[in-house]
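Asker: Modelling step: build the complete structure from the supplied sequences, incorporating the hints.
If you read the sequences in order, they're chains A and B.
Residue numbers are given in the numbering used here: position 79 of the first sequence equals residue 117, and the series is strictly consecutive.
Residue numbers are given in the numbering used here: position 78 of the second sequence equals residue 91, and the series is strictly consecutive.
FYI, nobody ran anything at the bench for these hints, they're computed from the structure.
There are no misleading hints in this set.
Restraint ranges, calculated between C-beta atoms of paired labels, are given here:
no.: 1; chain 1: A; residue 1: 109; chain 2: B; residue 2: 53; range: 19 to 27 Å
no.: 2; chain 1: A; residue 1: 121; chain 2: B; residue 2: 101; range: 18 to 26 Å
no.: 3; chain 1: A; residue 1: 66; chain 2: B; residue 2: 29; range: 34 to 42 Å
no.: 4; chain 1: B; residue 1: 70; chain 2: A; residue 2: 77; range: 29 to 37 Å
no.: 5; chain 1: B; residue 1: 127; chain 2: A; residue 2: 92; range: 45 to 53 Å
no.: 6; chain 1: A; residue 1: 50; chain 2: B; residue 2: 75; range: 31 to 39 Å
no.: 7; chain 1: A; residue 1: 66; chain 2: B; residue 2: 74; range: 16 to 24 Å
no.: 8; chain 1: A; residue 1: 80; chain 2: B; residue 2: 39; range: 14 to 22 Å
no.: 9; chain 1: B; residue 1: 70; chain 2: A; residue 2: 53; range: 41 to 49 Å
no.: 10; chain 1: B; residue 1: 65; chain 2: A; residue 2: 92; range: 34 to 42 Å
Interface residues of chain B toward chain A, partial, derived using beta-carbon atoms under 8 Å:
no.: 11; residue: 44
no.: 12; residue: 54
no.: 13; residue: 58
no.: 14; residue: 61
no.: 15; residue: 63
no.: 16; residue: 115
no.: 17; residue: 119
no.: 18; residue: 121
On a predicted model such as this, the values are computed, not experimentally measured, just so you know.
C-beta atoms are modelled at their ideal positions from N, C-alpha and C, and glycine is treated no differently.
The chain contents come next:
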Amino acid sequence: GNSVTQMEGPVTLSEEAFLTINCTYTATGYPSLFWYVQYPGEGLQLLLKATKADDKGSNKGFEATYRKETTSFHLEKGSVQVSDSAVYFCALSGGNKLVFGAGTILRVKS
Amino acid sequence: NAGVTQTPKFRVLKTGQSMTLLCAQDMNHEYMYWYRQDPGMGLRLIHYSVGEGTTAKGEVPDGYNVSRLKKQNFLLGLESAAPSQTSVYFCASNMATRDTGELFFGEGSRLTVL
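Answerer: Put into structure tokens, the structure is as follows:
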């Protein structure tokens, strides 16, 4: 079945550091891929998405590229801020529903 | 602009008690979902609905029941609560995962079963 594997956290960075959160997937067919973000005390919200191979999703300085050959969708940001501290979830679409990874906690120190 | 609203936001139950979580959306979405979130396990799908009057099982449906009598509401019921059901529950909705995959989430309902 479909599944998503994310790097374990927490990831702790200093402000302005470079961020990478790894995500790999297993799926039948050609799913769409997503990154969701959850700020403390809130529900999840969509950060970015990519619907086909080699697409790059981007939003708020975050980027991720849909790599079919490596079945990956790694999240990157060139310079993180304290306000980026949150839990990040990788997800893929399958049928009528999304399958989520376990989530990666990001902590950014000033 | 309410979006997805969950009630209640917090609840403490004793083992064996029953309760219902209500999810309401005002975006005319066809699809609605109930997830539970547990540390280290991400979000796991409990049940979902692809339209009024329909429901389907997700990944972890045991111990839960759902109903979608009105398009805007999706109810999650626990008939006999167990400590293993202590979790944060999230409702979400969207038009169709095939087209956008963008789920709109409520703020969550924290349930503790003693």
